[in-house]
Amino acid sequence: MRLPRRALVVGLARSGQAAALALARRGVPTIGVDRSNEIDAGRLAEAGVEVHLGTEEDQLLEDVELLIKSPGVPGESRLPAAARARDIPVWSEIELGARLLHNPLVGVTGTNGKTTTSELIGAMFHAADRPVAVAGNVGRPLTSLDGTLADDAWIVCELSSFQLEDIHRLRPRIAILLNLTPDHLDRHESLEAYRAAKLRIFENQTEADLAIVPREFGAIPGGAERLEFSADDRLPAEPLIPGEHNRENAAAATAAARAAEIPDAAIAEALRTFPGVEHRLELVAEVDGVQFVNDSKASNTAAARRGIEAYRGRPLRLILGGSLKGESFDELAETLPPTVRSIDLIGEATEELAAALGRAGRTFRRSGDLATAVGAAAGDAEPGDVVLLSPACASFDQFRNYEERGEVFRRLVGELW
45 MRLPRRALVV GLARSGQAAA LALARRGVPT IGVDRSNEID AGRLAEAGVE VHLGTEEDQL
105 LEDVELLIKS PGVPGESRLP AAARARDIPV WSEIELGARL LHNPLVGVTG TNGKTTTSEL
165 IGAMFHAADR PVAVAGNVGR PLTSLDGTLA DDAWIVCELS SFQLEDIHRL RPRIAILLNL
225 TPDHLDRHES LEAYRAAKLR IFENQTEADL AIVPREFGAI PGGAERLEFS ADDRLPAEPL
285 IPGEHNRENA AAATAAARAA EIPDAAIAEA LRTFPGVEHR LELVAEVDGV QFVNDSKASN
345 TAAARRGIEA YRGRPLRLIL GGSLKGESFD ELAETLPPTV RSIDLIGEAT EELAAALGRA
405 GRTFRRSGDL ATAVGAAAGD AEPGDVVLLS PACASFDQFR NYEERGEVFR RLVGELW
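Its first residue numbered 45, the sequence shown is counted upward by one per residue in this note's numbering.
FYI, nobody ran anything at the bench for these hints, they're computed from the structure. Just so you know, not all the hints are guaranteed correct.
[Unchecked claim] Ranges between beta-carbon positions, derived for each pair:
| # | residue 1 | residue 2 | range |
| --- | --- | --- | --- |
| 1 | Gly-423 | Glu-101 | 51 to 57 Å |
| 2 | Asp-131 | Glu-260 | 37 to 43 Å |
| 3 | Gly-419 | Pro-133 | 50 to 56 Å |
| 4 | Pro-381 | Gly-423 | 18 to 24 Å |
| 5 | Phe-261 | Asp-196 | 38 to 44 Å |
Idealized CB from N, CA, C, for every residue including glycine.
All chains, please: the whole structure from these sequences, using the hints.
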């Protein structure tokens with residue numbers, strides 16, 4: 045790619061810092077900016093990146109040829125909007141990484157299951173002793189791989205709607221859409237806008253590429269060959285991780301691995317041994333016959349419903365709540381199985397959840413915070429019960445992210461005895 049004479053990176057969390065460092069490594073004069081004054085920018089300064097914290101001044105765009113926008117930065121925020129007004133290209137960190145790297149790419153998107161499916165595909169490559177890296181929204185920025193991989197290594201890249209908003213030429217060799225349900229409506233203008241962002245994963249594909257979509261899914265952009273999957277597909281082995289939704293994820297991963305010429309024996313080995321990912325139906329402890337399960341990654345109602353469904357038939361003590369994302373909780377409340385014995389509500393969403401549960405005739409407690417909820421649920425639990433943190437909400441009211449929420453849940457469970 046032709047490198048810009050000067051670049052501006054907006055948002056200096058994990059992916060923003062990786063993008064700035066990748067540009068600096070290639071000799072591009074780079075400015076990094078973040079509204080927060082609390083960013084640790086030591087590595088950026090050492091690499092020669094000009095860092096500005098606590099500011100978003102338009103003058104930072106002077107002589108800039110490219111703006112890289114971190115996924116947490118809304119498109120209408122000051123600097124990206126000003127850049128577009130000046131006809132300065134705005135890219136996601138993913139777009140930059142795809143241009144710097146020339147490795148074959150498996151792109152994975154969807155409302156739920158992205159991290160699990162991405163890591164499972166990586167496990168299938170590892171089982172076949174094939175070089176692979178897993179990156180993107182899963183936690184490792186794509187640009188951080190620049191200069192670290194052999195040309196024949198595949199990259200499995202988890203792609204969020206926020207990352208896909210600002211792609212231009214990103215073209216996965218294999219692109220997967222796992223599912224599509226309402227999410228992030230606090231950020232996207234509408235469900236249609238959210239859907240359009242997700243489907244951008246396919247738009248640059250050609251007939252040489254593969255698009256993997258749920259059975260009977262509607263039309264998609266791009267020119268790729270289309271392959272459909274379903275939870276009832278025949279697989280080389282049954283997945284270790286529980287739940288019909290995880291069998292669906294396994295079917296999509298199997299289709300992608302086969303397209304990348306991974307043998308069925310390696311696929312089967314990965315399916316039988318892959319334990320899942322942190323904070324997604326993660327068994328934290330089993331004490332006196334009570335299981336404590338961390339599903340903190342269930343940050344929307346569809347994900348929570350899948351987590352609850354995985355334990356259908358088991359007595360459940362459910363913890364719900366967190367920060368709001370613009371979703372209705374009515375369907376979640378109406379579809380809770382009768383085996384849910386108690387519901388503890390936490391955080392900003394408490395009153396909206398309480399209203400939905402009340403309309404559905406379900407009883408609940410306003411516990412307020414996670415420590416109170418864990419203590420109450422554990423105090424009521426009997427042998428055979430599952431205490432399930434599956435919040436159906438984002439975490440930003442009381443935690444930095446869903447990872448911190450899950451880590452606090454683990455600690456609280458450990459302190460019960």
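Verification of the supplied hints:
For Gly-423 and Glu-101, the Cβ-Cβ distance of about 53 Å falls inside the hinted range of 51 to 57 Å, so the restraint holds. Range check, Asp-131 to Glu-260: Cβ separation about 41 Å, and the 37 to 43 Å hint holds. About 52 Å separates the C-beta atoms of Gly-419 and Pro-133, a value consistent with the hinted range of 50 to 56 Å. For Pro-381 and Gly-423, the Cβ-Cβ distance of about 22 Å falls inside the hinted range of 18 to 24 Å, so the restraint holds.
A hinted range of 38 to 44 Å is violated for the C-beta pair Phe-261 and Asp-196, which are about 31 Å apart.
When the structure is compared with the earlier hints, a violation turns up for hint 5 alone.
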